[in-house]
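Participant: For reference, the chains in residue letters:
There are 4 protein chains.
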Amino acid sequence: MTEIHEECGVFGIFSPNRRSLAEIVYTALYALQHRGQESAGIAVNDDGIFTTCRDIGLVAEIFTREKISSLGNGNIAVGHVRYSTTGMDSRRNIQPLLINHYKGQMALAHNGNLTNAFPLRRELESRGSIFHSTSDTEAIAYSIVQARLGAPSIEAAVSTAMDRLEGAYSLVISSPSKLIAARDPHGFRPLCMGALPDGSVVFASETCALDAVGADCLREILPGEVVTISNDGLFSDMSHCGRTEEKLCAFEFIYFARPDSVINGASVHQARLRAGRFLAKEHPVAADVVIGVPDSGLDAALGYAQESGIPYGIGFIKNKYIGRTFIAPDQMLRERDVSIKLNPLRSTVDGKRVVLIDDSIVRGTTSRRIVSLLRKAGAKEIHMRISAPPFIAACYYGTDIDDPDKLIANHHTVEEIAEMIGVDSLGYLRVENVPCLPETSCGLCTACFDGRYPTSVPDDSSKSRFERKIHMSDERPKQEIKQT
Amino acid sequence: MTEIHEECGVFGIFSPNRRSLAEIVYTALYALQHRGQESAGIAVNDDGIFTTCRDIGLVAEIFTREKISSLGNGNIAVGHVRYSTTGMDSRRNIQPLLINHYKGQMALAHNGNLTNAFPLRRELESRGSIFHSTSDTEAIAYSIVQARLGAPSIEAAVSTAMDRLEGAYSLVISSPSKLIAARDPHGFRPLCMGALPDGSVVFASETCALDAVGADCLREILPGEVVTISNDGLFSDMSHCGRTEEKLCAFEFIYFARPDSVINGASVHQARLRAGRFLAKEHPVAADVVIGVPDSGLDAALGYAQESGIPYGIGFIKNKYIGRTFIAPDQMLRERDVSIKLNPLRSTVDGKRVVLIDDSIVRGTTSRRIVSLLRKAGAKEIHMRISAPPFIAACYYGTDIDDPDKLIANHHTVEEIAEMIGVDSLGYLRVENVPCLPETSCGLCTACFDGRYPTSVPDDSSKSRFERKIHMSDERPKQEIKQT
Amino acid sequence: MTEIHEECGVFGIFSPNRRSLAEIVYTALYALQHRGQESAGIAVNDDGIFTTCRDIGLVAEIFTREKISSLGNGNIAVGHVRYSTTGMDSRRNIQPLLINHYKGQMALAHNGNLTNAFPLRRELESRGSIFHSTSDTEAIAYSIVQARLGAPSIEAAVSTAMDRLEGAYSLVISSPSKLIAARDPHGFRPLCMGALPDGSVVFASETCALDAVGADCLREILPGEVVTISNDGLFSDMSHCGRTEEKLCAFEFIYFARPDSVINGASVHQARLRAGRFLAKEHPVAADVVIGVPDSGLDAALGYAQESGIPYGIGFIKNKYIGRTFIAPDQMLRERDVSIKLNPLRSTVDGKRVVLIDDSIVRGTTSRRIVSLLRKAGAKEIHMRISAPPFIAACYYGTDIDDPDKLIANHHTVEEIAEMIGVDSLGYLRVENVPCLPETSCGLCTACFDGRYPTSVPDDSSKSRFERKIHMSDERPKQEIKQT
Amino acid sequence: MTEIHEECGVFGIFSPNRRSLAEIVYTALYALQHRGQESAGIAVNDDGIFTTCRDIGLVAEIFTREKISSLGNGNIAVGHVRYSTTGMDSRRNIQPLLINHYKGQMALAHNGNLTNAFPLRRELESRGSIFHSTSDTEAIAYSIVQARLGAPSIEAAVSTAMDRLEGAYSLVISSPSKLIAARDPHGFRPLCMGALPDGSVVFASETCALDAVGADCLREILPGEVVTISNDGLFSDMSHCGRTEEKLCAFEFIYFARPDSVINGASVHQARLRAGRFLAKEHPVAADVVIGVPDSGLDAALGYAQESGIPYGIGFIKNKYIGRTFIAPDQMLRERDVSIKLNPLRSTVDGKRVVLIDDSIVRGTTSRRIVSLLRKAGAKEIHMRISAPPFIAACYYGTDIDDPDKLIANHHTVEEIAEMIGVDSLGYLRVENVPCLPETSCGLCTACFDGRYPTSVPDDSSKSRFERKIHMSDERPKQEIKQT
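Residue numbers (my numbering), protein chains in the order written: chain F, 1 to 484; chain D, 1 to 484; chain R, 1 to 484; chain P, 1 to 484.
None of these hints come from the bench; they were simulated from the model.
Among the hints, erroneous ones may be present.
For identical chains, the list gives no copy identity; a pair is met inside one copy or between any two copies.
Stated by the list, open to error - Straight-line alpha carbon distances no greater than 16 Å define the calculated EDC-like cross-link-like pairs of lysine to aspartate or glutamate that follow:
1) Lys318 to Asp295
2) Lys103 to Glu125
3) Lys103 to Glu123
4) Lys380 to Glu307
5) Lys380 to Glu246
6) Lys376 to Asp216
7) Lys320 to Asp295
8) Lys376 to Asp350
9) Lys67 to Glu246
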């Protein structure tokens, strides 16, 4: 029941024939909704004329039949779902970002975070550029447009721009006649390529979007690769590949990605099952039932059950209508917010020794409430197992973990945490078992668990100055409500 | 993955102290949302002044913080969620129904369906009454109001009115100073009573709503019972009890109720686990994995796995953002609609002999698509098991089953159905094992499985005339889209 | 600049051919918008199937192209605009009222107010009727429906029902196959009949609606007349005519009706010009310019100028975007609210002796502010002339005049009022010159000016009890903001 | 009844004390609503933190009480109303434009049109700038920001930027600590300065906004002047003044400005009265009544009546609820659209010789319909007089006149036009009598009447290429519907 958020999901399609593409992009974004619930957008490119629909809300709320139909036909289309990581976000940051520069007309969708966004922005502004959004995506766009002024093609401009960009970026870009996918040299965020039966080529953050639109998965975009699709065919620029180690975000396997996605050949569901199996080996315990916190703890719970031989049980019913709009009730009921989302099944846990699997503990508050619910439902013993290591460091690559000062694992031992949240025992997965997959040979970024950043990272004072400066929003900054 | 719908959920609260009740009712309706997603309403009674908020939409969409706060304080409140069974519904049918008759002022919430709605309405109209809605709830209101003219109290009027009502009704009614709960003598629909720590008494369709608001469950309202709460205490009128056999809807256990609810002392989750266990006994098969169709097939799948010893697996990922607003894509994609909602986990089923558990087959179309998805994901054998008997008859007590002519089991043998949906074997639960619970002694209505109606039922010609007559809507009748 | 409100405008059409009628009704309601800005509705009757669109808001806001098109084709249609006179109104009172009784199916639109609404409602309730709205229109509907049970036709039922109704009502009713227009025997509210080139017959509150749809005006419906149009032709029931004196509301000429309407053969614009001429004769003064308060004082100002020979000037510019939604600014600005709506033209009044014409003074506050604006713009003398007599009594026939206790003329002499609002002289029109038209022979109701009610009127204690009782609203009662 | 549109109105306020400024800006924009009905925005600057609310719609629709309150307190605020002149506009063009460049943070509101927008944009893009909107306001912002990099202050940057800008611009700009007003050297668009009693300084497009907020008018901003208000006081940079002739848009007097505004010391109402007087001298005729087409023809009609001695009459009633949302009815009714907005007063014109005053004829269609309405209402003779010369040329300074090819005066003589629109005689005002005011000494731009442009103007081929290129909209381009 992680309260940690990914920022974005991206999708792009290049069709050999002019047709209605918005439905396909819509369906793909629907499948990628878990990667961003704050806003979404589609840009359809009909022979150089870009038409877009972008708004705040869920995919199914934004894209009414009329909106989809008004997007018309096209050859290329790009889509994006977004989760905002800042309290001062606004309508201006919705993607795809449209650029109508006379040489660099494009629609751009970005997943990830630059680590040099602030100095890059400062440098661009000092040469007379104006930024309209608070997102680093605009800095990417500027870098490409300015490279384009001296580059023979848009894909060459992307490649040149990549020399200025540091950090995490999986990009899908439509120029007037081409569809381009690019991934940073570390490959922090996933990006895969697929094909539809009619010959259309698609790019997506996850394979679940390929499944949703009926595309076959061809392969991952390589770290550092720039793939360009046009009527002339597919061209791969690998000039940025192999310059550095692959560092795919480990949390994609642990929490972000949908279990039915396959990343670098590895099933996310299987990765979580195996995390559960490793947990069972690392932290065995005598118990009567293994239950998971829905939804992200369920796979690991089944893995723990399989490995340990303790029966798997359904421990909670999750209210499936919980949405962004749920109103936190008054003081008396606020204490009960977790119980509004989750209701324990007394018949599963009453009088039992329970192994409880979750994917993370951030501040500990949510875990304490879940444990308390189980106690009231009659659980005799509760042994909590976390299918990831403790969080100790901030992520600069597009994940919105809490302020490191608020992370419970930065201030307390495992024993102290166990006592604070009220469990009889607590065990975390070891870093070396993350994400514990034989099938994938890719290197993983585990910086949030061990503080070993694969790149230089912004110093915080500059970051906060930057954020203060750009506080020009269409609304008052919302009071940010965070819970663990 | 049943496409069958319950009509309503009801809730009521009587508080010894004047306070903000809307938040509590809101939280309860949130927990009852699965019983009706079309509209919702709350009526707060502040010493005889009724203030309401009723609208089309989901509970969390309708009740903004402003709306909840505008409902103000009160002593008594009533809430309702509704699923509309007709294509000609409108805003007028939203409940709670408010009656401002000088002797019978009340707010009324109803779950169920009268079987004598048409003759009752005709009789009332022929004496000069005017109906404003197309719901049978208004006929109940009329019966109570007219009984009230000669009755010493509102609860006496309810009791008198019950003599005219036939069919299914679980009612929660607020008069200016009393909260009344009543259940038809067969007890078709559930209705339970609970208490909050501050002494408030609450009524709800299911215990999951009691859990959500922090109330302890006291007991079920008895079939035929009228319970009245006022400042004078609780009064139970049992004059209609025991006149006939209890006939709780079996499908509440199989599909409607939330697994964390307890009805007549029986856990719904346990009932479904046991249905799975019975299925394993009735229809054993050699297989490698047991999977359920989310969400309602998961409990029975676990039961089947436990009884058979075949490992339980997670077979599908369900898109959790599927809402009322999902747009059916174009022709090419329409074939794919099930795959947009459900994506099979290849790593679970590839090369395996699979036992697939679902709770029902209506027309067979949905089942055929699910099976086809599993085949594409590599399933070697598929043995489908249904945790209920085949549907063969219409329900007149508040469940929206398809037209009996469209029910696949009315036209085909089990073997034919297996072939039509493409499975290697198919097995239904036997009627005598529904819902297979030792804990509950209540009689069950299984009319949709065996056609044995506990009451007389409307003849269809009168019903269709009735519906034609009352076609005065605020919109053109929507084209009804139904899928199985 | 009167703050007094009419309650309603009605329209109906019977077309010999099935066609799209909603556009015509929409256009007519648009022209009648001044008679009610709170809500509007259209009911289209397509061979007995009634489809409606009714909502809160202005006509042009409610009826989008989609809504109009969704109303489909029909033979008969009825429309209504409404101004609510109570603070506890709600969506339920929006007209046309739809009645789906098996013998009395109809859509009903009503302009006026019954004086026996309370006893009629009490009588109906005591025989078991339930009221859903707080409007007296429902009592009319009940009376018709109950009469219909024993009547040979709907028009006979209307005629019978009229025996039970007292007060003001201009009705347009669509039964499955007929369009009926009826007017109370006093003829308090106007109602006229016209014809379109294609043979359609239309009824409207004012002739301006006939002009808007391109219909020729045929004649007024007579006081007490019931006109029925069906495929059999036009039938006039005059059995209630001539029983009492005609008493058309004088304020229709003074303020309510649009100047381009013609009532009983008299031009409203001419009536106001003549009121101005009479004022000039009754209250002459030496001055440099005559100006009117927009919009309703302009005609009388021109009449005063013509009679007196003093030049006519444009004294104020009115902000034409003032709508229902204007937000009253904070304390400092609230004092300025009149100046936001009206800005005096300094070049017209600076250094001049000004005759200022308005149609009424209610509490005096607005007048005082207007006078103050003129003083600041340099007016040397201000001589106010009111084109109506002083208000001294409540209206029970559909006009929302302020509480008689708040009317300035009930507590002060003309001289005192002049001093209070800051003018150099003040003159009201004499009652015998209202509305001062040779062309019309109709009797006028001037009860608000002289307290001579043509009917018995409700005693206030019963009225307040009645209103208290029916306070069951979908919102908290709004704080009523009234200004003069 | 001109169908010609102004593009914008601007407002700014600098308050010595931190306070709620949004209400004041709201009130001012309300008074300026006639200058732009498509979108509106307010930016409040609270010590360098800019909060904005900008949306599509009317001022009173956008700024709910919640929105105004959410804008909070501040020292400086800027507001804007906008009419879009292109069919491809979108949400992105709503002003005030927010710039968050580290040296040039500002909110900018602009009225007017640059004549070198295309080459300026091309030049900026070729140096790596990216434009987000299709408005030339962004080119102004870029020019200021880039000048700011080398300028000692924001006001110095504005002054430097003005060297690059050609055409019409009245600007109000808030930097973190200053409020700046600037006007192009020709002074095409008006801009005035006023003071509130508390010492706040305000800038507005027209004095009617000063009246609305209770400010005294101090003076016009001079053509070419840059006025800066900060806590250090008021500073006027006149370095661009006097370089060229003043060329205030003549159509501001004829149509755009509100009659109660005063521009350069001249009352707009008086200017129109005098235009009417000149018309009477230039084109006298024997007639019985003089009427104006509401609203913009009324002042000139009164002037004509005064000069000629022919009585002034009220000839039309205009529906005051006509809004943006009015739906053009079907074919039969489309012919009647003018009659839905305007209804002639038969009692004024029947049997009379009528002088009809309007402010312009564009294509002639509307005039023909108005004349036809008067004929049907009985007018015996119709002598049309236009209070402006004929349109023959496009405006490049912010007025949306029709395509010159569509202007009736470009293809026909006055006699031909008279025949085409069906009048007995027709007369236009002579150019030398525009706007015919002794009080104002300012030079006027009359290019739309005589084709003498005070600046170089874009050549059309570049313009169309430019517009094609920047077609990247959030919607499909709307079919543009224009009527005269």
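Participant: Now tell me if each hint is right for this structure.
Facilitator: Verification of the supplied hints:
| no. | hint | verdict |
| --- | --- | --- |
| 1 | Lys318 to Asp295 | both (8 Å within a copy, 11 Å between copies) |
| 2 | Lys103 to Glu125 | between (20 Å within a copy, 8 Å between copies) |
| 3 | Lys103 to Glu123 | between (21 Å within a copy, 12 Å between copies) |
| 4 | Lys380 to Glu307 | neither (22 Å within a copy, 25 Å between copies) |
| 5 | Lys380 to Glu246 | neither (45 Å within a copy, 37 Å between copies) |
| 6 | Lys376 to Asp216 | between (48 Å within a copy, 12 Å between copies) |
| 7 | Lys320 to Asp295 | both (11 Å within a copy, 10 Å between copies) |
| 8 | Lys376 to Asp350 | within (9 Å within a copy, 40 Å between copies) |
| 9 | Lys67 to Glu246 | neither (40 Å within a copy, 48 Å between copies) |
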